[in-house]
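Enquirer: Here is how the chains run, residue by residue.
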Amino acid sequence: MRFKHLTVVLLTGVILFAAGCGKQSGGGENPLYSDASTPSSEIDAKFLLEWWDALFAFVSSERLSPPDASRMYAYIAVGMYEAQIAGSPDYLTLEGQLADLKGLPRPEKGQVYDWQTCVTETMYLVQDGMLARYFPAGVSTLNKLYDKQMEERKAAGVTDEVLERSKAYGEELADVILEWSEADKYVETRYMQYKSPTREGHPSNWEPTDFNQTPLEPFWGTHRTFFVKDGTQCDIDKAPAYGGKGDTTGELYKQAKKVWTVDKTLTEEQRTIAQYWADDPSETSTPAGHWMEIMGNFVKSENMKLDRACELYALVTTSMNDACITVWHTKYRVNLVRPKTVIQETLDSKWEPYVETPPFAGYTSGHSGFSGAAATILTSRIGDNLAFIDSSHVDIGLLPRNFKSFNDAAQEAAYSRMYGGIHFDCDIDDGLEQGKCVGNYYLENIKTKAAHTEKKGTEAK
Amino acid sequence: MKKLYNLTLLIAFVTLFSVTGNSQVVMKDYLVANHQGVVEKSLNNNGSGLFYKFEYVSTEGARINYKLHLYKDKGMSTPWMSFDVLMRNLNWTYYVDITMSKDGADKVAAMIFKKDLRWSRVKYSPHVGCLRVDPPVYERYTIGAETESAEVLFAGLLNNFIAQLDKNVDFNCYAAAK
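So the sequence lines, in the order shown, correspond to chains D and L.
Throughout the first sequence, residue numbering follows our numbering, covering 1 to 461 in sequence.
Throughout the second sequence, residue numbering follows our numbering, covering 1001 to 1178 in sequence.
Because the hints were derived from the structure by calculation, they are not lab data.
All residues carry an ideal CB built from backbone N, CA and C; glycine is no exception.
The reader is advised that the hints may include incorrect statements.
What the hints assert, rightly or not - Going by beta-carbon spacing under 8 angstroms, a handful of chain D positions derived as facing chain L: (1) E151; (2) E152; (3) K154; (4) T261; (5) D280; (6) K350.
Said to hold, decoys possible - Coverage of chain D stretches by chain L, computed from C-beta distances (three or more under 8 angstroms per stretch; other residues unrestricted): (7) 60–70; (8) 300–306.
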């Protein structure tokens, strides 16, 4: 009897071991991977850039705000990552890791899929559900791109049967991603009323710096995050106080005087930096998009394959979105006044910053948060001390800039806000710290690489 | 809920376009043409008029190159001084950058016009010794009523830029620049 039990246990063990080593669920491979189709690790990722470029143009022409844009980029990127994950031996699904991401449809085992078509279909439908259908003017560009890419797949020899199966899978996945996006509190916060705290008796409090300003996205910090616990996880509270018009000795006054002095003696290099990173929502793809454009150049120059590029997009966009929620949480909790208000009250009543002051509190800086998160992920995934040229803004007439590393670019992006006259030192330093906190949390806890990939990476190091 | 949300977005979209649709001031054909005007009672010309001409040079993508000539005489025969100018006309913002050089160092006087807000601002921290007023006073300029023609509004925009520089900057500092 005892021997019989042992046999059953041993047999079960052998079966489980064999299953673990099989092709469908490899030894350390992505368990969803099926080798029935060309793996996504062999597919060129350049077609993704066409989509992102079209979306950046859309975001700019429709004036999406930085939070709005970062949210949309992140859902699209997660959709595209999941659309190819069953074709990747080396990467792992984000289902069960990102907040509330569950019940994702999976391709039928043993069937052939064209992962490029799956990704295109998912991207197209997710962006349409989140953006394009509300802004009909730009839809035709995206429709044309979709048709062009589908034609290219046919021309590449993808059969109608595989094409239809892949499109159907992309559609099914996009539905779930869109449904998931609708539960992040975005819709609820559209209808919430906000009353700015008064500055009476609280001179440190923010007030609009222009008559036509209303606080932008006061409840954004309450939205569901993708991977960090919530907007409070990387919260920070080191903002100095401001005593009002008579305060000429306090720490915030000193920081305001620095902003004013820098502005008065602005060098050409500083002016160029202020303009380069202004990333005005009406003219560019916003700060998050700017970092994605930098990343896109690496996708192109390193001839990245689909799975690796999708992982980069997913991690960079979701971490930037979480950094945005974190920063916005701090902004509306601390509600710190902007340099323009302090400078006009204490130093120069007619002073105007070089860059337009955005309609929300300064502490902490959004651009610094986005940059801290993006640079942390990119440094880990692409490399440190990697010099590059950023030509993202050539289309708006700004000349390319050279950087020594991603962190160098992040530092410049963050300090551009001081040169532009819209942020204090504390806004910038603490925003960067928050972004890095989010980025590092991702790197330490999210599992996107299958065990054998991690092992390969360690051996290579 | 979702329908209401969609409807709200659509209304916001339509409203945005109805508000901004009539705010066009910087017409494309203005950016290949020359523009000239005068700053009355110029501080840089002993209270007489300071004449200026923005001369179109070339267009390279989004970069539109002009030359700014300043004249002390009404006949505008020989420029008193000249500067390189870069204009960029984006979706919602129009930039004019005038590069001023002294002792081998370039500095840029910038005018930024927000098309939807219908006002512009000027920023310039000139070379040491070139300020008339310290700190300089650049006042926000709101363009005229929508009943004015775009041509008149555009001319006002450029004129205000030069007038604000005239008030704050001692152009004699740059007299060597030609």
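Enquirer: Confirm or reject each hint.
Expert: Do the hints match the structure? See the list:
1. E151: 29 angstroms, violated
2. E152: Violated. Min distance 28 angstroms.
3. K154: 34 angstroms, violated
4. T261: It is violated, given that the least Cβ distance between D/T261 and chain L is near 10 angstroms, above 8 angstroms.
5. D280: Interface hint status for D/D280: holds (7 angstroms vs cutoff 8 angstroms).
6. K350: D/K350 check passes; min Cβ-Cβ to chain L is 5 angstroms, inside 8 angstroms.
7. 60–70: holds (count 3)
8. 300–306: violated (count 0)
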